[in-house]
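Visitor: Protein chains in written order, with UniProt numbering: chain A, 1 to 842; chain B, 1 to 598.
Hints listed in this document are in silico derivations from the structure and should not be mistaken for laboratory results. A couple of the hints might just be wrong.
No more than 25 Å apart at the CA atoms, straight line, and that leaves these computed lysine-lysine pairs for BS3-like [claimed, not checked]:
{"hint": "1", "chain 1": "B", "residue 1": "K222", "chain 2": "B", "residue 2": "K260"}
{"hint": "2", "chain 1": "A", "residue 1": "K422", "chain 2": "B", "residue 2": "K484"}
{"hint": "3", "chain 1": "B", "residue 1": "K260", "chain 2": "B", "residue 2": "K192"}
{"hint": "4", "chain 1": "B", "residue 1": "K304", "chain 2": "B", "residue 2": "K343"}
{"hint": "5", "chain 1": "B", "residue 1": "K343", "chain 2": "A", "residue 2": "K484"}
{"hint": "6", "chain 1": "A", "residue 1": "K514", "chain 2": "B", "residue 2": "K131"}
{"hint": "7", "chain 1": "B", "residue 1": "K424", "chain 2": "B", "residue 2": "K192"}
{"hint": "8", "chain 1": "B", "residue 1": "K590", "chain 2": "B", "residue 2": "K537"}
{"hint": "9", "chain 1": "B", "residue 1": "K367", "chain 2": "A", "residue 2": "K818"}
{"hint": "10", "chain 1": "A", "residue 1": "K422", "chain 2": "B", "residue 2": "K27"}
{"hint": "11", "chain 1": "A", "residue 1": "K480", "chain 2": "B", "residue 2": "K367"}
{"hint": "12", "chain 1": "B", "residue 1": "K131", "chain 2": "A", "residue 2": "K480"}
{"hint": "13", "chain 1": "B", "residue 1": "K343", "chain 2": "B", "residue 2": "K221"}
{"hint": "14", "chain 1": "B", "residue 1": "K337", "chain 2": "A", "residue 2": "K818"}
{"hint": "15", "chain 1": "A", "residue 1": "K366", "chain 2": "B", "residue 2": "K484"}
{"hint": "16", "chain 1": "A", "residue 1": "K366", "chain 2": "B", "residue 2": "K343"}
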Amino acid sequence: MSPRGRRAMSRACARLLPRVCAALADPRQPGSDDTCLEKMLDWFRELREAEPTVKLLRDNPCLTEFFTAVLALPEPEPNVLSFTLRLAGIVAAVEDSFMHLQQLELLARLFGEDGPLNSAAWEDASVRSGWVEGVHSMVQHQSALHFICSGGGIDVIFTLQGDPSLFVASAACRLLVHLLTLSVGSELTVPLNAKDCDWPACAHMIIRHIEESLQSNSASHIKQSLKLLTSLFGSCQAPWTKVLWLGMAKQVESFLTEDSVQAQHILADLLLNMARSPVFHDTEGSFWALVTSALEHLTPVQSSPLAVGILRLHRCPQVVRIKALTVLLQPMDCILRAAFQPLEYAGLLDESVSDPSAVESLLSSKSSCASLLCQTLAHLEELLSVVFLPVNLPYASLLRSVVTILQFCNGLLIPASPLGSKISQILVGCFRVQKSALDALAALSDRKCSDTVVGSLFDVLLAYLESPNTTPTVLKKSFKAMSKWLMSLPGMSFFKNQQQTEKTLQDVFLVLQKRLCSPCWEVRDSSLEFLTNLIRNLRDHDEFRQSLLSSEVPKLTENLLEDPESYVRASAVTAMGHLAFITYFFVPESPVAGNQYNKEKTVAKLQEILSTDPEGFPRRAVMNVFTMWLKESCTGQLEETEQFVSTVVQTTAHDLDWEVKLGCLELVQIFCNHMFCRFGLPECPYAPISSAVTSSICQNEPLQIFCRANLFSFLFRSLCDCDKPVGQKACDILLALKSHFCQSSTTDLQGPGDLSAGHGIHWLQGTLRQGSLVQNFPTDDGNGVDFQDPESMMLALRTIDLVELHNDLNKCSDYVEKSPQSLLEDILATVGTAEENEADCY
Amino acid sequence: MPEIKVTPLGAGQDVGRSCILVSIAGKNVMLDCGMHMGYNDDRRFPDFSYITQNGRLTDFLDCVIISHFHLDHCGALPYFSEMVGYDGPIYMTHPTKAICPILLEDYRKITVDKKGETNFFTSQMIKDCMKKVVAVHLHQTVQVDEELEIKAYYAGHVLGAAMFQIKVGCESVVYTVSMHSSSYRCAAWIDKCRPDLLITESTYATTIRDSKRCRERDFLKKVHETVERGGKVLIPVFALGRAQELCILLETFWERMNLKAPIYFSTGLTEKANHYYKLFITWTNQKIRKTFVQRNMFEFKHIKAFDRAFADNPGPMVVFATPGMLHAGQSLQIFRKWAGNEKNMVIMPGYCVQGTVGHKILSGQRKLEMEGRQILEVKMQVEYMSFSAHADAKGIMQLIRQAEPRNVLLVHGEAKKMEFLKQKIEQEFHVNCYMPANGETTTIFTNPSIPVDISLGLLKRETAIGLLPDAKKPKLMHGTLIMKDNSFRLVSPEQALKELGLAEHQLRFTCRVHIQDPRKEHETVLRVYNHLKGVLKDYSVQHLPDGSITVESILIQATAHSEDQGTKVLLVSWTYQDEELGSYLTSLLKKGLPQSTS
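Bound conformation, chain A alone:
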């Protein structure tokens, strides 16, 4: 069935709809659950989108009856009235239905002056919201536009811009943008001159409203119009927006210096949206002059978001870009100037182009210092994450300033200058700034910087990692910054100084030892994650391996496999899994490895966790480690690997956590692929294909291995697991196996096969057919299926219709939950029972 066909209203739904409408309009029935009403609207939207010309109203007269019935109620439930308005809007979006409603004189009673907007129900925010949404849905054609603009609806929308409900006000603003865009877009051949511009009627009303609001003395009206313009320029980049702007530019500009309006934040947003629109780029420089003026006049806190946005733009005059950069770097520059003597360090900005007084006063005030720094640091982090940043940032100086802030924050630096001393007093122990600075520091790690700054950077980070005053969240960020900088070491000159590198690594592991023993589980867990991350990225570096293995960290990690907190046990399992690459997998001649690290012992320990840990996280972590090992071929020779997989499969078969099972199925899948590669089947592109190897051996060798490892039993049973993803994954694997093993005898694929070889296959086939539906694989083994017999399994693969099973399994229970028929049935069934099934916490 085509997607369109699937969305069309089914006969069953068409039969149910009149009863549902009647129930909803019946004031004696308890109100329906809001989620049901929302889902009904979703369904109608889908219907309309699938068939834009569908005549919903003419095909379903119950809808107009419903509208009439609800409008006739003296005191309709607000949620039902709101639903009615929204539904009517969706339906009336099709012009034919709109006309139909108009003929029935229902439109004016829904959205016009005869409607809810002049009744007591209008007091309810949900009704006003329903009205705005309804109008928004409806106005998709000129008839609706004309109806709203000529019938007074537009004035209602203007009023709703200032609605006490944030939701309604913001929806009204979006609606006006929609009306304006639709009105101009459909009628105007744009004259690019503000004076001559003859706007269409509806657009003219809106534009006049914006202009009047901007010229009024009311701060709230001015803000509403600025928000409207912001939203318009953010969503529409048509040339006429420029014409519109030229008529208002002077007025808007005046608000930059108008303190009484307090619209500076909105202005910054407005200018940023405009800067992103190419339409305003060629306004003879006047627009960019306005942006420059904004960057100068707004306070650092107000202008910083605008500056960041400007710096991300690829098309922007250099002078504006420099101005934006100055705004952004000013606080960091002040930090450096406050911390160092002029001769010691020159600062980030040239004093001749920047006036730091405003920023200095903000930084020396307790209430604003932290906020300004947090905002600046977050903006820097944002810029650093941009891949193709059109501007060059002074990375070394930035790094120095961030390090300086971190030094202020933990009392490592108390400068003599009055400003420096004041800032350090404010910042000491300030977690908010610590966190932002550490994030920025991490983001700076892939930029080239000088040795001296990097040296002090590691000192500061180590101080944070060591300090007992560091909170768990700050510590986590310190670990992140540290690991990113350690990973960047190989690319830096600093790394060539081996002694210094070793010293740094030793210090890191010393502090890690301490943190692994923390009483706080968050800290132990973050420490283990840090360790895993380091091993994953640095395991090929000798200095790293030596330092790690000569520390107590591996031993402590192993101890944490017994941690009382399951999150920590899981992280310890992951860390141990990675540690194995250093301790024994890839280091045959490592002198320190010796007998201290025993592979068998680790495997046995992880197996034990897999079979006995009462919680899911550690068991899932074990499965991930085993899968990783198998992927990297660390599980030994063929027999050893076969034995390993077999043991894991048997342990996992009875696990209650379906994610563990899913992990095991992935392990099986990798194992199967490895076997096919090894024995030369075409699945693996690099597999040796020897003509001497006969096709039958190629097929049978892996088959026998899979049977010996008891994979089939696990796979077939998984098909009937109560958790769908398990069944689906098992079915995928079995389908792949079938295509491998049965490719030479395609004629048998769908046929019943030769059943004499295994009488139980019939039973298996029947069970699976039923099992995929009832999800019940009997535990009785007396069914005659030998899952370890290659011939039986070959027959099973040939006989059982796995494709059909696959289709069944993909029809998850959502098929029922999401169908409109189910929804309508539920609404009908709920009528009269809603009081019993009371809303509640869950």
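Please build the complex by placing chain B on the supplied structure of chain A, with the hints as guidance.
Guide: Here is chain B on its own, set in the frame of chain A:
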């Protein structure tokens, strides 16, 4: 005027995804961060874009407070902190922090992995989010920053549930979930803290609910009857909360009645949940704590772990299985097996959202279409029993009586029921009661009382003037208020001048009064003097040699009008201390002089 602003993004006149923004003395706090389970898209989360129109969330919000572990109060937290980008502090009690991730993980598994939904948090995100949480103890005052402090009080709703007092300076707000005591939780308690605003849930605002005991007895009776006739009982539950409560009930009942039918728990998750109930035994009520000394109530003798194979066993049994709405997994699997037998029973102890099998059977549907268009006929008995731990109207009124708030704001309830309670509260307590809809901001003006230190000198002087101060009665004090270094002090004017190094200036008011009198100036002055002497008998009225008159500190001088000699101008001047007398005198003179005065 100082104000407190409250904007619900969720739970305003509805139930589901609680999320309330409070702005108090320049600080912004988000109360709860819940999820709506009835939606499968972004509508399940509150629309966080409304929190601030400009700037980052982390810069705007000072902290997030989570009241308890139910998903409609904490379900959106990992989304908010790990996907939306809030990176500030999050507070909850220790048990809530321990239990939250279990429920979040449970729900994530169903949502993401089973339904394949995207834009949902991962397991790692739940962990990262929980690592950001600062756990608080009851009655511990936590200083979020220098000005903002929060304090948790016990709220018996569910294990770990807390009321939170949020305080900035002398302004405060108390936020509470509905409190309710139950068999294993002690009753809620709060100081008489007289907050400016109490924000309370009102889920059962109109109901005076059946006694808990009644419902429990009914539940046990139904389970017992089914088991007696050889049937099986399925109780779909979420991993935590009601499951433990019902287990205690059944365990005790089985022990007392010496019943043999097995009771099973279906998932490993619940074991961990039980572990936490044991761990946080101090949060339970005294009766439980006492019993715990003899026997750990959470170490069940009759309740065993469930194996999938057990569902096919013959004979009666009781099984607790997740999830609670019968929409997937173990509970749905068992339901399918048992649904066809009329001897069996399913008891739904909680709310089910539309679309789930739980919702369908509760609304009376008995033929369910399953995958592959297979029809499942439900012959087993279906029971709904609310064991919800919400307070009813009585509980909420008690809370108001205890805390004595100046204003009340209702959330987490249906509009009609709220309206009823609102009127009741306003009538009984004479306080304003609000019930904003989602997205609507309620502004409450506060009248903060600011503590001021009084200098000893001033206090002595004031007591010397008046009677001895009565500690129980307020007393009006006069002095000069000095606001310096974030402190307020009331001192005598002299001391203030001294401290601030200022000189004293005399401030005099002057007024000109025109009198028609053709006589000479000194004669006019004499007439005025005689007139005042006659009227103001109790005051010292003097005629000075320079021709001016004084009445106390008030000075009166007369001059002839430059253009009209028949008009005399009286210049009256007085200090602010004698303002009353000065005004009186002026008005007296404006009436003119009596004819007989000479």
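Visitor: None of the hints should be skipped; say for each whether it holds.
Guide: To see whether the hints hold, each was checked on the structure:
In summary, the hint linking K222/B to K260/B is supported, as the alpha carbons are separated by about 16 Å, within the 25 Å threshold. At most 25 Å may separate the alpha-carbon atoms for a hinted pair to count; K422/A and K484/B meet this at roughly 19 Å. Between K260/B and K192/B the CA atoms are separated by roughly 50 Å; this puts the pair beyond 25 Å, and the hint is violated. The hinted pair formed by K304/B and K343/B meets the criterion: a straight-line CA distance of about 23 Å does not exceed 25 Å.
A distance of roughly 63 Å separates the Cα atoms of K343/B and K484/A; the hinted pair therefore is violated under the 25 Å criterion. For the suggested pair K514/A and K131/B, the alpha carbons sit about 19 Å apart, so the restraint of at most 25 Å is met. Under the criterion of a C-alpha separation no larger than 25 Å, the hint pairing K424/B with K192/B is consistent with the structure, at around 21 Å. Simply put, K590/B and K537/B have alpha-carbon atoms about 19 Å apart, close enough for the 25 Å limit, and the pair holds.
A C-alpha spacing of about 17 Å is found between K367/B and K818/A, which places the hinted pair at or below 25 Å, so the restraint holds. As the CA atoms of K422/A and K27/B are separated by approximately 24 Å, the hinted pair is consistent with the 25 Å bound. Straight-line distance between C-alpha atoms of K480/A and K367/B comes to about 55 Å, which puts the hinted pair past the 25 Å bound. For the proposed pair K131/B and K480/A, the alpha carbon gap of about 14 Å is at most 25 Å, so the pair holds.
In summary, the hint linking K343/B to K221/B is supported, as the alpha carbons are separated by about 15 Å, within the 25 Å threshold. The straight-line distance between the Cα atoms of K337/B and K818/A is roughly 23 Å, inside the 25 Å bound, and the hint therefore holds. In summary, the hint linking K366/A to K484/B is supported, as the alpha carbons are separated by about 16 Å, within the 25 Å threshold. As the CA atoms of K366/A and K343/B are separated by approximately 71 Å, the hinted pair breaks the 25 Å bound.
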